[in-house]
Amino acid sequence: MAKVIQIHFSPTQTTAGIINRIAGAFPESEQISLMRDIDPVVCEKTDTAIVGMPVFAGRIPAIAKQRLMKIKGKQTPAVAVVVYGNRAYEDALLELKDTLEQNGFVVAAAGAFIARHSLFPAAAAGRPDQNDLKIIDDFAIRCAEKIKSGIFPPLAVPGNFPYKEVSPIPLFPAADESCILCAKCAEVCPAGAIKREDLRKTDAAACISCAACVHVCPVGARRFQGEMYERAGQMILPKCAAYLKPEIFV
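Just so we're aligned: the sequence shown equals residues 1 to 250 in the numbering used here.
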């Protein structure tokens, strides 16, 4: 039986929200979250995959890509979506498209959408806004129509190969004394960087700076802070100041 499958890596639930909105143009769907390791999955040719990734420094997150590689298609049509914080998505959309095609999917449509920056919330605050949502909804309808047609000519998206080299982000959230030790941060961390025996700290060697723990903290105890974070914000925020528009490829 044909299925619509939402596949996403979404530390702050923004990417998941956009993917779910796109899926609203299709029949009832099921979800696969890549925030945890998964068992291998095979999607049939009659299925449709709607796949979303956040952009980390111009690439898709390595840990999410590793998990996505466990999902195989049989010439299954797919919609590839990246979500970024209003700076640039660089090679991320191309990387996601290439990964899906290597795994047996046919990318019928793709889009790059803007959301509030996960590390620096002042960047793209309020995004996606009403203009963004209208574009997302129109994109979803066009995707559904194209996939129903069954005609998928080669799709070109921006990006370069080899992809840009990834430099580790030396910014790691930690909790202050207001932490209530609820362990929600440890539960959601996709990289296992928060240990239950020491919940207020973050393992810098494992942390991918995804902000999942910051997003889920019920008392706002976990956050990015410190002189290095402040300096990084001073460099990044001006680069995110222009109002960028979503880009779609159907």
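These aren't lab readings, by the way, just hints derived from the structure by calculation. This structure is a prediction, so every number in the text was calculated from the model and none was measured. Ideal Cβ placement from N, Cα and C applies to all residues, glycine included. Some clues are possibly wrong.
Label-pair distances were calculated between CB atoms; the ranges are [what the hints assert, rightly or not]:
#1 Thr46 - Gln102: 35 to 43 Å
#2 Lys72 - Asn160: 25 to 33 Å
#3 Ile151 - Pro121: 35 to 43 Å
#4 Gln13 - Glu165: 40 to 48 Å
#5 Gln13 - Ile141: 32 to 40 Å
#6 Asn160 - Gly24: 26 to 34 Å
ask   = How does the Cβ-Cβ distance of Gln13 and Glu165 compare with 40 to 48 Å: does it lie in that range?
value = At roughly 29 Å between Cβ atoms, Glu165 and Gln13 fall outside 40 to 48 Å, so the hint is violated.
request  = For the range 35 to 43 Å, tell me whether the beta carbons of Thr46 and Gln102 fit it or not.
outcome  = At 21 Å between Cβs, range violated.
message = Just to be sure I understand the hint, the distance between the Cβ atoms of Asn160 and Gly24 should be within 26 to 34 Å; is that true here?
response = Given range 26 to 34 Å: holds, Cβ gap about 33 Å.
request  = Given the hint of 35 to 43 Å, check if Ile151 and Pro121 actually sit that far apart at their C-beta atoms.
outcome  = holds (41 Å)
message = The hint says 25 to 33 Å between Lys72 and Asn160; measuring C-beta to C-beta, is that right?
response = The hinted range 25 to 33 Å holds for Lys72 and Asn160, with Cβ atoms some 26 Å apart.
ask   = In this structure, is the beta-carbon distance linking Gln13 and Ile141 contained in 32 to 40 Å?
value = violated (24 Å)
In summary, the structure is inconsistent with hints 1, 4 and 5 from the numbered list given earlier, while agreeing with the others.
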